[in-house]
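Trainee: Which chain is which? The protein sequence lines are Y and E, in order. Position 52 (the first sequence) corresponds to 52 in our numbering; numbering is contiguous. Position 364 (the second sequence) corresponds to 364 in our numbering; numbering is contiguous.
For the record, the hints were derived by calculation from the structure and aren't laboratory data. Be careful, since some hints might not be right.
Quick list of the computed label-pair ranges, beta carbon to beta carbon [unchecked claim]: (1) E:K79 with Y:L141: 55 to 65 Å; (2) E:R57 with Y:P69: 17 to 27 Å; (3) E:Y59 with Y:P69: 33 to 43 Å; (4) Y:F132 with E:T12: 16 to 26 Å; (5) Y:L141 with E:D66: 37 to 47 Å; (6) E:V64 with Y:F131: 13 to 23 Å; (7) E:T12 with Y:L173: 16 to 26 Å; (8) E:V64 with Y:L23: 31 to 41 Å.
Reference excerpt, derived from the structure (chain Y facing chain E, CB under 8 Å, subset only) [unchecked claim]: (9) V34; (10) L50; (11) M75; (12) L84; (13) T97.
Cβ atoms here follow ideal geometry from the backbone N, Cα and C, with glycine treated the same way.
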Amino acid sequence: MTEYTERILTEGPRKDAADRLRLVWLVVIPLIAVLSQVYVPRFIPFLAYLELPLLITVHFALSRGGPIPALFYGMFIGLVQDSLSHQPIGMYGIVKTLVGYFAGSVSMRFDVQNPLVTFILGFFFYFFHQFFYWVLSRALLGETLAFDAQQTLIFGLLNAAVALPLFRVLDKLRVAS
Amino acid sequence: MDFFLSRYRHLTVLLIVISAQLLLIAYQVKTSKDIPLIRVWAVTAVTPVETGLELVRRYTWGFVEDYFVLLGVRSQNEKLRRENGQLKIENNYLKSELSTADRARALSVFQARSPSKTVAARVIGNGTGANSKVVFVDRGSTSGVESGMAVVTPDGIVGKVVDAYPTASLVMLITDPTFAAGVVSQKNRVHGTLKGQGHAECLVDYVQNEEHVDLGEWFYTSGDDRIFPKGFPVGQITAAPNGKTFKEIYVSPSGMQGGIEEVLIVLQAVHQEVPGAEVAAPGYSILAAPTEIATQTPQGAPQPGALATDADRLRAIYKDAGIEQKHTYGEGPPGTKPPDFTKIPSIHGVPPPNAAGQPLAAQAQPAPAHGAQAQPVQSRLGQTQASQTQPSQTRPAQATAAPPKPTVPVVAKPKPQPPASADGTDDEPPSVAAAAARPGDQPTVAAPHKPTPPVLVGPRSPGPSSNPTPATTPAPVTSRPSDARRPPDINQ
Chain Y
1 MTEYTERILT EGPRKDAADR LRLVWLVVIP LIAVLSQVYV PRFIPFLAYL
51 ELPLLITVHF ALSRGGPIPA LFYGMFIGLV QDSLSHQPIG MYGIVKTLVG
101 YFAGSVSMRF DVQNPLVTFI LGFFFYFFHQ FFYWVLSRAL LGETLAFDAQ
151 QTLIFGLLNA AVALPLFRVL DKLRVAS
Chain E
1 MDFFLSRYRH LTVLLIVISA QLLLIAYQVK TSKDIPLIRV WAVTAVTPVE
51 TGLELVRRYT WGFVEDYFVL LGVRSQNEKL RRENGQLKIE NNYLKSELST
101 ADRARALSVF QARSPSKTVA ARVIGNGTGA NSKVVFVDRG STSGVESGMA
151 VVTPDGIVGK VVDAYPTASL VMLITDPTFA AGVVSQKNRV HGTLKGQGHA
201 ECLVDYVQNE EHVDLGEWFY TSGDDRIFPK GFPVGQITAA PNGKTFKEIY
251 VSPSGMQGGI EEVLIVLQAV HQEVPGAEVA APGYSILAAP TEIATQTPQG
301 APQPGALATD ADRLRAIYKD AGIEQKHTYG EGPPGTKPPD FTKIPSIHGV
351 PPPNAAGQPL AAQAQPAPAH GAQAQPVQSR LGQTQASQTQ PSQTRPAQAT
401 AAPPKPTVPV VAKPKPQPPA SADGTDDEPP SVAAAAARPG DQPTVAAPHK
451 PTPPVLVGPR SPGPSSNPTP ATTPAPVTSR PSDARRPPDI NQ
């Protein structure tokens with residue numbers, strides 16, 4: 001085991017940094033993320049693929065260092081998303097609850113400040129989010145949505161690429177606050 | 001239980017949260033009801049921010065965007081203005097060209113269909129003088145234009161040539177106060193004289209108050225003036241109040257509607273029938289013509305169909321004479337020598353005169369013995385020869401031969417021809433002047449220098465009162481079988 005991998009496995013979550021997140025940012029940042037998902041594609045349709053609420057949820061879960069707060073945070077963001085959609089309330093809530101839970105659980109095992117880990121987690125949770133939403137839609141609502149795995153993989157890569165600078169910016173905001 | 005909860009605390013919370021949301025979804029799907037409270041909160045929290053963002057965007061980025069857009073507006077506006085001006089000029093030019101082409105095409109069609117020989121001319125200027133209504137056209141004597149020629153358009157008459165120069169002509173419009181022309185109404189056949197008034201409308205004068213005309217009725221040229229051929233439209237009646245003696249009939253000239261730019265100068269005029277003439281109801285019933293009149297020839301042989309009237313039969317006579325002498329009526333300039341009507345061998349039942357030039361009246365003496373009736377000759381319709389009481393005044397050259405079977409009246413009307421020239425030398429077929437100048441020839445007799453006198457032969461020739469004929473109108477020649485014993489008098 002190298003020093004690098006040992007550090008990833010043993011350093012643990014950054015509990016000290018997560019504690020400095022203020023409540024304002026906990027509310028404003030998800031709101032901005034949801035707003036950007038609603039408002040920005042109106043002018044730049046290409047950015048509709050960007051799942052900013054998911055990335056915020058993942059960042060919160062990784063930085064908070066615990067599955068319980070993360071799952072509630074994910075549930076909150078998901079319910080807000082559901083409220084602004086035409087689907088029954090709870091679809092995005094369940095998916096993001098699971099994402100928050102698993103991301104919070106992962107954060108206790110890996111060094112989430114590593115860019116490679118951040119990229120992989122970002123890609124994985126995007127794919128998991130899209131796939132689980134598709135399963136829930138078919139299972140709970142009986143909808144016959146098509147799941148384009150290739151497109152989802154590409155969009156997962158793009159979201160993971162966006163997650164790298166986004167997480168860096170959110171970390172800066174957290175430290176500054 | 002406590003061990004389970006403490007060991008699997010995270011998982012338990014997850015299951016509870018997931019289960020709660022599953023129940024929420026199940027409730028919504030089962031009841032088809034929404035959870036409005038959550039949505040209201042979310043929408044209330046998001047939409048004001050969204051509205052603010054939109055306002056900010058509009059007044060920041062939108063303003064910047066508009067600024068950059070407006071930067072090029074001034075130059076673009078100038079460019080568009082120039083293009084608009086050029087397009088307007090081009091549009092007006094094309095409209096003018098199209099209008100000119102339409103007028104030229106109408107003139108061309110009219111020129112091709114009109115029997116008269118015409119030459120197209122373009123108005124190139126107006127004459128001087130405040131009240132004079134004259135224009136210059138670009139055709140002159142080199143194009144065959146002469147003074148006195150009619151100027152028309154497809155819509156109607158325009159004026160007449162008053163001066164012809166080598167390259168241009170001066171045309172007096174029909175609105176000129178000194179202009180006059182003979183006209184006849186289409187429906188009621190009222191004759192009058194068209195006079196210019198110096199303004200847009202013309203006056204038809206010399207129509208008795210007792211005559212009836214209708215508003216909107218068309219006037220056509222009557223050919224009486226020897227300038228305008230008969231049958232050209234003049235205009236519609238706009239007002240026709242009674243005057244002191246004559247009606248004051250105002251006519252809106254149809255040939256000058258919308259101005260005149262291209263006209264036709266009539267070089268060789270051919271009379272036409274007034275188109276679409278509606279004969280007004282006389283107010284009393286008229287019986288149909290007797291069968292023998294309508295069907296029999298002067299010889300008594302019925303000819304149904306083609307020669308239905310006496311005028312047609314007489315016309316055929318002159319036509320045959322023209323064919324024999326290889327003369328085509330209506331061709332040739334004014335002054336062309338007419339056919340020699342004195343050499344007509346026989347007028348369908350009228351025997352040729354004797355070689356000695358014996359008065360035909362004398363030949364008519366034995367007519368009663370043959371059971372036939374002599375035919376006096378009228379040179380003019382309505383002027384039955386008063387020589388019935390003057391048999392001694394019979395001139396040798398003016399006699400009428402008694403036909404062998406003169407029982408069938410024949411009324412012939414010559415085909416309308418171009419107006420005769422002033423000296424009466426036009427090539428009109430029934431030149432009675434020529435007939436009168438040659439003693440001992442055919443019995444067609446009429447007053448000299450009278451154009452196109454139709455010959456009326458038959459017992460039912462109209463009386464003088466019913467056929468008033470002006471001096472310039474065609475003068476029919478009448479022969480009456482019942483007046484066979486009367487010496488024909490052609491003294492006019």
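Trainee: So, for every hint listed, does it hold in this structure?
Mentor: Evaluation of the provided hints:
| no. | hint | result |
| --- | --- | --- |
| 1 | E:K79 with Y:L141: 55 to 65 Å | holds, 58 Å |
| 2 | E:R57 with Y:P69: 17 to 27 Å | violated, 34 Å |
| 3 | E:Y59 with Y:P69: 33 to 43 Å | holds, 39 Å |
| 4 | Y:F132 with E:T12: 16 to 26 Å | holds, 20 Å |
| 5 | Y:L141 with E:D66: 37 to 47 Å | holds, 45 Å |
| 6 | E:V64 with Y:F131: 13 to 23 Å | violated, 42 Å |
| 7 | E:T12 with Y:L173: 16 to 26 Å | violated, 33 Å |
| 8 | E:V64 with Y:L23: 31 to 41 Å | holds, 36 Å |
| 9 | V34 | holds, 7 Å |
| 10 | L50 | violated, 17 Å |
| 11 | M75 | holds, 6 Å |
| 12 | L84 | holds, 6 Å |
| 13 | T97 | holds, 5 Å |
This entry does not satisfy hints 2, 6, 7, 10, going by the numbered hints stated previously.
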